[in-house]
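Peer 1: Chain residues, written in single-letter form:
There are 2 protein chains.
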Amino acid sequence: MDRKEFRDLASPTAAREALDSLSLEGGVDRVSLAEARGRVLLARLDAELDVPGFDRASLDGYALAARDTFGADEADPARLELVGEVHAGEEPDVALESGQAVEISTGAVMPEGADAMVAVERTDVDENGDVLVRTSVAPGDNVMFAGADVAAGERALGPGTRITPRDIGLLSALGIDEVPVRAPPKVGIVSTGDELVRPGNDVDSARGEIYDVNSYTIAAGVEDAGGEAVLYPHAGDDQDEMERVLREAANECDLVLSSGSTSASAVDVIYRVIEEQGELLLHGVSVKPGKPMLVGRLESSAYVGLPGYPVSAMMVFRTFVAPAIREAAGLPEPAAATVSGRLAREARSEEGRHLLLPVGLTNDGDGETLVYPVDKGSGATTSLAEADGVVEVDAETDYLEAGESVTVQLFSPDVRPPTMLGVGEDDPTLNRVLDRLENPRYLSVGSRPGLRRLREGVPDVAVVAGPLERELEATTLGEWEREWGLIAQAGNPNEIDELAALVDRDLRFVNRTTDSGLRSSLGAAIADLAEERGVERHDLVEAIDGFDLGLRAHESPARKVIAGEADAGLGLRETADRLDLGFVPVGSQSIRVLTNPDRIDKPGVRELESALETIDELRRRSSDD
Amino acid sequence: MDRKEFRDLASPTAAREALDSLSLEGGVDRVSLAEARGRVLLARLDAELDVPGFDRASLDGYALAARDTFGADEADPARLELVGEVHAGEEPDVALESGQAVEISTGAVMPEGADAMVAVERTDVDENGDVLVRTSVAPGDNVMFAGADVAAGERALGPGTRITPRDIGLLSALGIDEVPVRAPPKVGIVSTGDELVRPGNDVDSARGEIYDVNSYTIAAGVEDAGGEAVLYPHAGDDQDEMERVLREAANECDLVLSSGSTSASAVDVIYRVIEEQGELLLHGVSVKPGKPMLVGRLESSAYVGLPGYPVSAMMVFRTFVAPAIREAAGLPEPAAATVSGRLAREARSEEGRHLLLPVGLTNDGDGETLVYPVDKGSGATTSLAEADGVVEVDAETDYLEAGESVTVQLFSPDVRPPTMLGVGEDDPTLNRVLDRLENPRYLSVGSRPGLRRLREGVPDVAVVAGPLERELEATTLGEWEREWGLIAQAGNPNEIDELAALVDRDLRFVNRTTDSGLRSSLGAAIADLAEERGVERHDLVEAIDGFDLGLRAHESPARKVIAGEADAGLGLRETADRLDLGFVPVGSQSIRVLTNPDRIDKPGVRELESALETIDELRRRSSDD
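Protein sequences appear in the order of chains A and B.
For the first sequence, position 504 (counting from the first letter as 1) is numbered 503 according to numbering that gives the first Met the number 0, and the numbering increases by one without interruption.
For the second sequence, position 406 (counting from the first letter as 1) is numbered 405 according to numbering that gives the first Met the number 0, and the numbering increases by one without interruption.
If you are wondering where the hints come from, they were derived from the structure by calculation, not from laboratory data.
Each residue gets a CB set at the ideal place from its N, CA and C atoms; glycine is no exception.
Check before you lean on any hint, since a few could be wrong.
[To be verified] Examples of chain B residues toward chain A, derived with CB under 10 Å:
no., residue
1, 35
2, 106
3, 147
4, 148
5, 168
6, 174
7, 200
8, 202
9, 204
10, 212
11, 217
12, 307
13, 379
14, 438
One chain only, chain A, in its complex shape (with noise of 0.2 Å):
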């Protein structure tokens, strides 16, 4: 077997410095005022005109030579002549001279002669048409002068400004409606591997196919860091065409990125082209997950491979590579995004490599933020989309015990850990509930799991299926029956008719995990039929084809005879009716709420306690869909 190996991996320090040697920087986009928002101004702009262009009456009133009202008071009122009106948008055509007022509105020019002005609300008009003024007013009173908001030549806006809503309107002030700002730097994400294939078409499972998760996921995140995300075609694993498609990424980009073959074949390619048409510089880097990392340039263009695993390669990507882009495009480091708490379980990381470890976060009953670690393996997406950050450990500590304080790199400023954490049984009704919270988290991991993890004391509730094996001490907040038996295939074509059919006859059965609620339905119901019949509940089970095979989705079995792969499946009839297949009802088995008594009080559990007051409505609801 050929593989490359990363032997002498460099530190997270090296690896950093190797990208800080590239240049990543776009070039200069001019763009209107509208698309200005959130751009990064390239130079500095100067006012070329006074802001107002004109002395401008504040207010709505009269504009006067401020020397003719000197002493006047409300007890006597200084008598000025009316000699006009200017409106805001006219040019003033009228002059003042001593002893005369003009009527003014609010944003208009103030006319020759006068220096200040009086507003409408101090003044009278008398019968003649002359104005009172009841008050002495200073010169300048309510008179914005020219230049006095901004002035011809003043610095506006500096370099390097990223240009907020306020900025726009000193811009729009100036007259100005077009700016150069930094263009993003244009990253290109080419994907390689046979077995990928592109979200919105098929996956043959039998051959081992999946979708392409990188690809979407680092181009979002490219863009998270202020970049230009450019997808090249899938690659595959032919070379020619990989090593085409990577030379023209380079050409158009200022930064490739490739990920997702894990192939020794596709890896042989890139290390051939980066090494005849560009430069290694760095080759594995002493992290986890992540060590398989390339950085090089390319043509002339900076590159970076990523690991395959999209949890490694967002993990790369996140610690090394978006901070070289946000650089280049001028984005400042994001807010400090951190949250301290209690590291809820131990953690081990790995001889001499920096761990990044993805965790959760939920609060306990005293509002103390618990910090659990999400470790599906560097292969699942849930890894990243069930966490809220990251704890780094150096890599000269390889244990951290539970109840420890950590620090939590939030994956962004807006990161919003769930308001309540649940864990438990997976089922379509607590879905709907679900879908009434404001921001709920839950992990289906089965009705036993689901119990032990609320004993430990993490998550806020569990939600379990069938007979408790043992009692708890635990709250319910709610409770209700669901319906359950053997999934057939549409229309029933084996005729199933009960569930000793599985036993007597030559049946192809899906079962699911021990974890789960409905195989302990099963296996009491299996139970029954054994005393029964006066035999093993033992030698029931050997009589099942299948009975070992457990999926751990309530819907797996289902999709097993949709595909053919089995005539009957464990499963709800709320499943079988929804997907249109055979329903052989075996029994009912109730769902419980629970909660450690606590947490009872903490808003998220509150939420879902009313929620599930809702419960009746939604089942009914569900029927008629």
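Use these hints to put chain B onto chain A, whose structure you have.
Peer 2: Coordinates of chain B only, in the frame set by chain A:
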């Protein structure tokens, strides 16, 4: 004068309630995965397939039956017959029997008969081609079972999820390439007022025209809040046209915002249209700035009338409208972005109105945050561009003491207070120095006010031109000379040869304000001339036409000369050269950059000090321009 009065002002709470009673929600968009980042999911997405879709090898190595390795170790490896290989993206063409192994690569389909795999690193291949397994593995080791990441039927993403790159990873894994998301609320922006001109066109200042600041600013605010902004053509003050545009916007949008006009006739049209075609819910709110706010319905759309002044418009928008748009867009309230600090100057409110006070931030020498009010008036766009956030003062409080601790709501979580706050003289060389700093703020208030503010202790730095009036305990960070004199029309057609020409000939002159260091130097030069001639300084000043016309900014006199409104203006040689105008040298003056000794170690001040060392280079460059 016929004016709408805003009596019985609503409280801020009542204004929020009026807005909450309106529905701004947009419809449904279906977007591709590439466009889904940041959008808000409208409906729950369940997994329609298992991920992975097959039992998948997690490493490069050998697929085998775990029981065949039981008891194996380094000393006594298990020997298995190698019967084939499977690569990623291939359907296995081999099934295992007891004692057999299959070479398998990461991501490949586990062949029938295998229930575990061993990493290649724990194996050898002997001379017969048999595989020696040097460890025992348990069933399931190094295999990711079908559905272990996401199982068919599982709740993948809940409604209301704001889609992150990590969620895009999950959607990709499920093969979903299009998602239903909330359409952003469509917000029509109608600006009115004869005096408003859209940026990019010319303004006629003599007619009192100004650029339309609110349209683009509010549009950017709408997009910041997650809405889609639609700018309608500027309607001027033509009543029929205004009505037509308002109705069109109401028909096409979820919310119509009008803004801009302060003219009574425009307000009248809006009233009439809202009252005839819709409903007026609220008229005037007791906040400052922002009193004249309207809330109502128009056709099937919500309607908010914003005040005309940019600062008032943005404050009302930010306080009342942006939260409603965010809510309709399904976006969460932005992460709390508040900063506490000490108020640097007292602030006064007005009887019974809730005050929204724009403030800037800086740190004093001890790193403590100073909060200073930015009050250039509601009509000034720089009141917001030069501020970092808002201090809210409720209607019951009418006075905040200097030194009081206040909480500042930053304009957004992205706001970075300036690293260095400078005040004082405007100068082209200084502007180039500022361009070299990370995030400076400079307020060109003139030399005298700059010195005063430095003494008061808010800014870090004051820049002063000309002779210092009195000694100050300040450290000089940098100093340079600049040449000043009279700026004449291009080619100096009036053949102005010296300062005395202003006194002796009939020339129209434009001066700078007494705040300016240039004005001080001019005063000194005239005093010298008076002494030379043996006359009073006052007599010379009286003989200069326009000596009292003091403009605020260093380029404004030059602009008056260009406009033909003056024959000569006070200014710098640099300005004359840049604008291709004539220049009559009178003298040179020094510019000094001063800092309070207790700020000398502030990083932004140190950065400025370093940048000032490059002045010679910057000035050389500028003369090459």
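Peer 1: Now tell me if each hint is right for this structure.
Peer 2: The hints, checked one at a time:
no.: 1; hint: 35; in the structure: holds, 8 Å
no.: 2; hint: 106; in the structure: holds, 6 Å
no.: 3; hint: 147; in the structure: holds, 6 Å
no.: 4; hint: 148; in the structure: holds, 4 Å
no.: 5; hint: 168; in the structure: holds, 4 Å
no.: 6; hint: 174; in the structure: holds, 5 Å
no.: 7; hint: 200; in the structure: holds, 8 Å
no.: 8; hint: 202; in the structure: holds, 6 Å
no.: 9; hint: 204; in the structure: holds, 3 Å
no.: 10; hint: 212; in the structure: holds, 4 Å
no.: 11; hint: 217; in the structure: holds, 8 Å
no.: 12; hint: 307; in the structure: holds, 7 Å
no.: 13; hint: 379; in the structure: holds, 4 Å
no.: 14; hint: 438; in the structure: holds, 7 Å
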